[in-house]
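Order-wise, the sequence lines are chains A and B.
FYI, the numbering for the first sequence is 1 to 514, going by our numbering.
FYI, the numbering for the second sequence is 1 to 430, going by our numbering.
Source of the hints: derived by calculation from the structure; they are not laboratory data.
This structure is a prediction, so every number in the text was calculated from the model and none was measured.
Be aware that one or more of the hints could be misleading.
[Unchecked claim] Taking lysine-lysine and the DSS-like style, the derived pairs with C-alpha atoms no more than 27 Å apart in a straight line are:
(1) Lys429/B <-> Lys216/A
(2) Lys207/B <-> Lys159/A
(3) Lys115/A <-> Lys345/B
(4) Lys304/B <-> Lys67/A
(5) Lys207/B <-> Lys59/B
(6) Lys474/A <-> Lys207/B
(7) Lys203/A <-> Lys64/A
(8) Lys115/A <-> Lys289/B
(9) Lys115/A <-> Lys312/B
(10) Lys159/A <-> Lys203/A
(11) Lys159/A <-> Lys345/B
(12) Lys67/A <-> Lys207/B
(13) Lys67/A <-> Lys312/B
(14) Lys345/B <-> Lys474/A
(15) Lys159/A <-> Lys96/B
(16) Lys67/A <-> Lys289/B
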Amino acid sequence: MKLELRGITKRFGTFTANDHIDVIVESGQVHSLLGENGAGKSTLMNVLFGLYEATEGTILIDDKPVKFSGPGDAMAAGIGMVHQHFMLVPVFTVAENVALGNEDTGVGGILHLEKTRARIREISDRYGFGVDPDALVEDLPVGVQQRVEIIKALVRNAKVLILDEPTAVLTPQETDELLTIISQLRDSGTAVVFISHKLREVKAISDIITVIRRGKVVGKADPGASAAELAALMVGRAVSLTLEKDPPKLGEESFKIKDLSVLAPNGQLLLDSVSFGISQGEILAIAGVQGNGQTELTEAIMGLLDHVSGSIKLGGKELLGRSVKQIINSGVGFVPEDRSTDGVIGSFTVAENLILNQYDKAPYARGLNMSPVVMLKNALKKITEFDVRTQGPDSEAGTLSGGNQQKVVMARELSRPLKLFIASQPTRGVDVGSIEFLHRRIVAERDAGTPVMIVSTELDEVTDLADRIAVLYKGKLVGIVPGDTPRDVLGLMMAGASNEEAESQSSTEGKEDA
Amino acid sequence: MSQSIATETPGNATRNIAVIRSWAAPLTYLVLGLVALLGFAIGSPHAEATFRITDGSQKISVPDLVLGTTFIGWAGAIIMLGIAAYAFVLVRAGRKLARWMMPVFATVFVIAFLVWVIGSANTPNVYLSGLIAGSFTLATPLIFGSLSGVLSERAGVVNIAIEGQLLAGAFCAAIVGSMTGSLIAGVLAAIVGSVLVSMVLAVFAIKYLVNQVIVGVVLNVLVAGLTSFFFSTVMVGDSSKYNSPPAFDVIRIPLLADIPIFGPIFFEQTILGYGMYLAVFLVWFGLFKTRWGLRVRAVGEHPKAADTVGIKVNALRFWNVVLAGVVAGIGGAFFTLVTSSSFNKEMTAGQGFIALAALIFGRWNPIGAFFAALLFGFSLNLSFVLTILGTPVPSQFMQMLPYAVTIFAVAGLVGKSKAPAADGEPYVKE
Numbered sequence: 001m002k003l004e005l006r007g008i009t010k011r012f013g014t015f016t017a018n019d020h021i022d023v024i025v026e027s028g029q030v031h032s033l034l035g036e037n038g039a040g041k042s043t044l045m046n047v048l049f050g051l052y053e054a055t056e057g058t059i060l061i062d063d064k065p066v067k068f069s070g071p072g073d074a075m076a077a078g079i080g081m082v083h084q085h086f087m088l089v090p091v092f093t094v095a096e097n098v099a100l101g102n103e104d105t106g107v108g109g110i111l112h113l114e115k116t117r118a119r120i121r122e123i124s125d126r127y128g129f130g131v132d133p134d135a136l137v138e139d140l141p142v143g144v145q146q147r148v149e150i151i152k153a154l155v156r157n158a159k160v161l162i163l164d165e166p167t168a169v170l171t172p173q174e175t176d177e178l179l180t181i182i183s184q185l186r187d188s189g190t191a192v193v194f195i196s197h198k199l200r201e202v203k204a205i206s207d208i209i210t211v212i213r214r215g216k217v218v219g220k221a222d223p224g225a226s227a228a229e230l231a232a233l234m235v236g237r238a239v240s241l242t243l244e245k246d247p248p249k250l251g252e253e254s255f256k257i258k259d260l261s262v263l264a265p266n267g268q269l270l271l272d273s274v275s276f277g278i279s280q281g282e283i284l285a286i287a288g289v290q291g292n293g294q295t296e297l298t299e300a301i302m303g304l305l306d307h308v309s310g311s312i313k314l315g316g317k318e319l320l321g322r323s324v325k326q327i328i329n330s331g332v333g334f335v336p337e338d339r340s341t342d343g344v345i346g347s348f349t350v351a352e353n354l355i356l357n358q359y360d361k362a363p364y365a366r367g368l369n370m371s372p373v374v375m376l377k378n379a380l381k382k383i384t385e386f387d388v389r390t391q392g393p394d395s396e397a398g399t400l401s402g403g404n405q406q407k408v409v410m411a412r413e414l415s416r417p418l419k420l421f422i423a424s425q426p427t428r429g430v431d432v433g434s435i436e437f438l439h440r441r442i443v444a445e446r447d448a449g450t451p452v453m454i455v456s457t458e459l460d461e462v463t464d465l466a467d468r469i470a471v472l473y474k475g476k477l478v479g480i481v482p483g484d485t486p487r488d489v490l491g492l493m494m495a496g497a498s499n500e501e502a503e504s505q506s507s508t509e510g511k512e513d514a
Numbered sequence: 001m002s003q004s005i006a007t008e009t010p011g012n013a014t015r016n017i018a019v020i021r022s023w024a025a026p027l028t029y030l031v032l033g034l035v036a037l038l039g040f041a042i043g044s045p046h047a048e049a050t051f052r053i054t055d056g057s058q059k060i061s062v063p064d065l066v067l068g069t070t071f072i073g074w075a076g077a078i079i080m081l082g083i084a085a086y087a088f089v090l091v092r093a094g095r096k097l098a099r100w101m102m103p104v105f106a107t108v109f110v111i112a113f114l115v116w117v118i119g120s121a122n123t124p125n126v127y128l129s130g131l132i133a134g135s136f137t138l139a140t141p142l143i144f145g146s147l148s149g150v151l152s153e154r155a156g157v158v159n160i161a162i163e164g165q166l167l168a169g170a171f172c173a174a175i176v177g178s179m180t181g182s183l184i185a186g187v188l189a190a191i192v193g194s195v196l197v198s199m200v201l202a203v204f205a206i207k208y209l210v211n212q213v214i215v216g217v218v219l220n221v222l223v224a225g226l227t228s229f230f231f232s233t234v235m236v237g238d239s240s241k242y243n244s245p246p247a248f249d250v251i252r253i254p255l256l257a258d259i260p261i262f263g264p265i266f267f268e269q270t271i272l273g274y275g276m277y278l279a280v281f282l283v284w285f286g287l288f289k290t291r292w293g294l295r296v297r298a299v300g301e302h303p304k305a306a307d308t309v310g311i312k313v314n315a316l317r318f319w320n321v322v323l324a325g326v327v328a329g330i331g332g333a334f335f336t337l338v339t340s341s342s343f344n345k346e347m348t349a350g351q352g353f354i355a356l357a358a359l360i361f362g363r364w365n366p367i368g369a370f371f372a373a374l375l376f377g378f379s380l381n382l383s384f385v386l387t388i389l390g391t392p393v394p395s396q397f398m399q400m401l402p403y404a405v406t407i408f409a410v411a412g413l414v415g416k417s418k419a420p421a422a423d424g425e426p427y428v429k430e
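Based on the provided sequences and hints, a complete structural model is requested.
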C-alpha cells in the first residue's frame, strides 16, 4: 500500500499550520517526520487521520484520492494512529479498549469480548508484547499502554501506523523496546510514520526523514546525516547542541531536604523519604520518567501540598509548614512545570505577569496603591533582557507563544536575588533557539552562587545542565550520580535500578567517578 | 568533579500505600451512637412497638412482631457505640474501616429508631408490609428519575433537569390523559413532554456548550413556571375536562401477591410499577453488557478516545439525553396516572433532586441508584406514616428526614463516589 499526501494545507483562522505539504509513505518503510514542537507535524497527522479537515490538498491511497470525514473512515482505509496522549479509557480493560468502536456482538448488540481477547493474545504473542487483555488500563505502565494502542491499530488491520511523539513518555529502555517493535512491524510490511523531534531516535529507526519547519517541508534527509545537519535543517540555522559551562564553584550546602515524603489524598505514597542537598553554585537535576514524584517534590518544596512530612531547610531555616508566600519571600524562585496554567495568568498583561511574585512590595506598590509606571519600566527592561517576543508590555500573556510565556516566567523568577532556584521542565515546548538562551540563564544563576534544582524528563537537558543528577523512580530517590554519567546508566536508573546495578549492567566505557 | 555518590538504595516500591487518618467516620458513628444512647435507650418510652406483617386480607397470616423499646434501645445503642469504638481503634492503628461497618451500623440505627419512634407514638402499632410497599411506590418515580440521570451522565451530560423532566411528564400525562381518556396516550404525552425538556438540555449542552448545570437549573424553573401557568389558566377552570386523568389499575398476580412483605412489592403493581423493575434491568444490562453501553461509557469517560475510534460522540450523547427524557417521562406519568388522581402545581416537590442524589449515592450505577432511591422512598414514607401515627417528633422534622438522609448520602460519608470522568464536559472537535 502506498499513501500519499499531496499539497496538504491546514489553516486555523489566519494561522497556517501546514503549508502545501507533500509526503509519500510506502509499505515496509519507516518514514520519520522531524520537526520542532509546533512545526505542524501533529496537525498533519490529524488531517491524515480524519480528525481535522484539510483546507486544501488531497490524500491518495494507491494513487486513488480518498476523503476521510472522521477517524472511522481513516481506520477503514487501513490507517492506525498511536496518539501522543493515549486514547484509552482508563477505567476500561484492555479488551474493552481494543473492542471499542470495533465490537464483536451477538443478537441485540450484546458484547462478545472473547474474540477480541483472542485477537489481543495472538498479536501480543506474535510481537512479544506481554499484554493481558483483562487488565485495567489505568493499572498498566505507560509503555504497556502504548502497546495497547498499537494493538488497537493492528486489530483493525492497519497498513499504515502513525506514531505521534511515541517516546515522549518512555524511559530510554522502553524507547529501545519500542524501536524494536517498530522494526518488527516494518519487516512484516507495515508502513510506519514516526513523528518526533528527537534526533537520536529518528536517526536510529528511519528509512526516510522528512523535515518540517513552520508548517512547510524544508527538506528530506538520509538517516545517515549527522545530528548537527538535521538540527540545522529543523531549526533553520546552525545551532550548538552542547552547552558550554565552567566547572561549578561549590559553596556551602545551603539547601537540604531530609526524609521528605508526600502522600496523595487516597494514602498513596507519592514521594518516599527523599533526602538530598544542593550546594550554592551547583545545579542538581532531577531525572526520571514523568510521574515518578518530580511534580510532588517541587510542589512540596513550594508549600503547595498537604500531607507532607520530613524537613526542607534553606539556609538553616525550615520551609516545611510555611505558606507559599513565606516560602517565596524567603528567596525561592520557582518555574512550574505547566507554564500556561501555573506560570502565567493568560488574561493579565505581560507587565503584570512579570511582577506576580512581588506586586505588593516596593517599588511596585506603595500602601494600597500600585505603581503602574514602575511596573511598565520593569516590563520593558525584562522584555529586552530576555528577548520576549511580544507586541508590548500591555499584551495579554495568553497571546504569547509557549516559548515566550516561558521567558516571561523565567524573567519574573530570576529578577530578584534568590537563595534557591527551582525550574520544572524549563524548556518544554520551547524552540531550540530559545532553549540555548534559557539554559545559559540557568547556568548564569548557578554561577552567581544560587543552588539550582532542575526537574526535567528530557535526558539531554539533564545531562547538559546538571552538575549532579538525582534519579527518581516511583517516588524514591534511586541515587545521585555525577553530571557526566552515561545515558544508558541513567536510563536503567530511571527504570528503578540502583546506580551500582545500572553501572554493572551497562558495559560503559567507565566514565564514572566516585 | 568529586561528589559522593548516592544516598538511598531503591527497595522495591511495595510500600506504596500509606495512611491518611480520617476521623470523619468514627466521629459520625460516635455522635449517632450517643444520639441512640440518649434518645432510644435512656429516653425509651418503656413501651412495646408492634409491627404487623400481615393485615388479615392476605391468605397467609403471620403473627405480629412485638418488640420492647427499652431492650431494643439499649441493645442498639450498645452495638452502635461498640462499632464506633472499634472504628476509633482501627483508625488509630491506621487501618481501613471494615466494609461491613457502615451497612450494619445503618441497619441497627434504623431498627432502633423505628422501634423507639413507633413505641413512642400515640398508636404504637404499624403495618410493616404497608410501610415497605408504600416506600416502593414512592420510590418508583425517583428510580425512573435517577435512571434518567444514569443514562445522561454516563454519556457525559450532567442532568440537573430531572425535576423538570418529571414535572413535564406529570403535567402532560394529566392533561392528555384527561382529554383523551386514554392511559397510553397519557404515557406517550408524558414521554413527549419530558423528551422536549431533554432536547433543550441536549441542544444547549452539546451544541451551544452552555454550562450544563445552569441549563438544567433554568429548565427546572422554566418547566415549573409553564406547568403552573397552564395549571391555573386551563386546568383549574375545567378540572373535570383537563385534570382528571384515568388511573392505572393494579395488576395482582394471584398467589405470589400473598407472600408476606414481598408479595405487594413485586406482584401487586401497576404496569408502570412492573415497568420500573424492567427499566432498571434494561439500563444495567444495556450499559454493561452491550456494544451501545460500552460506547456510552467510553463517551462519558474519554470522549476523544471514543472519537478516534470512529464513534460519533455528540450524536451518541444527544440520543442518550433524549432516551433519558423518555425514562424520566414515564416516571413523571407515575405521579398523575398512579399515585395521585390529578396534577397539582409543582407536585414533584423536589423529588427530581432526590433522584439526582440517588444517582450520586448509587455511584452512577442503575442498581446502586435503585437501592439509593429505595432508601429515600422509605424515609419519605416513614415521615408520612409517622405523622399519621402521632409521634413525639414534630412532623416538620419527620418531613426533613428524606432530605437529611440525602445530605448524609451526598456528603460522601458512605465513601467517595466517582462520576464519569468527562461528566459535564462538552466535547469540541478541534
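We went through each hint and held it up to the structure:
1. Lys429/B <-> Lys216/A: holds (24 Å)
2. Lys207/B <-> Lys159/A: Outside the cut-off at roughly 35 Å; violated.
3. Lys115/A <-> Lys345/B: Between lysine 115/A and lysine 345/B the Cα gap is close to 55 Å, so the pair fails against 27 Å, i.e. violated.
4. Lys304/B <-> Lys67/A: Holds - the C-alpha atoms of lysine 67/A and lysine 304/B are around 21 Å apart, at most 27 Å.
5. Lys207/B <-> Lys59/B: violated (58 Å)
6. Lys474/A <-> Lys207/B: Given pair lysine 474/A, lysine 207/B is violated - Cα atoms ~42 Å apart, limit 27 Å.
7. Lys203/A <-> Lys64/A: It is violated: about 31 Å lies between the C-alpha atoms, which goes past 27 Å.
8. Lys115/A <-> Lys289/B: holds (15 Å)
9. Lys115/A <-> Lys312/B: holds (24 Å)
10. Lys159/A <-> Lys203/A: holds (23 Å)
11. Lys159/A <-> Lys345/B: Status violated; Cα separation ~63 Å.
12. Lys67/A <-> Lys207/B: Given pair lysine 67/A, lysine 207/B holds - Cα atoms ~25 Å apart, limit 27 Å.
13. Lys67/A <-> Lys312/B: This hinted pair holds, its Cα atoms lying about 17 Å apart.
14. Lys345/B <-> Lys474/A: Between lysine 345/B and lysine 474/A the Cα gap is close to 59 Å, so the pair fails against 27 Å, i.e. violated.
15. Lys159/A <-> Lys96/B: violated (51 Å)
16. Lys67/A <-> Lys289/B: violated (34 Å)
Comparing the model with each earlier hint shows violations of hints 2, 3, 5, 6, 7, 11, 14, 15 and 16; every other hint is respected.
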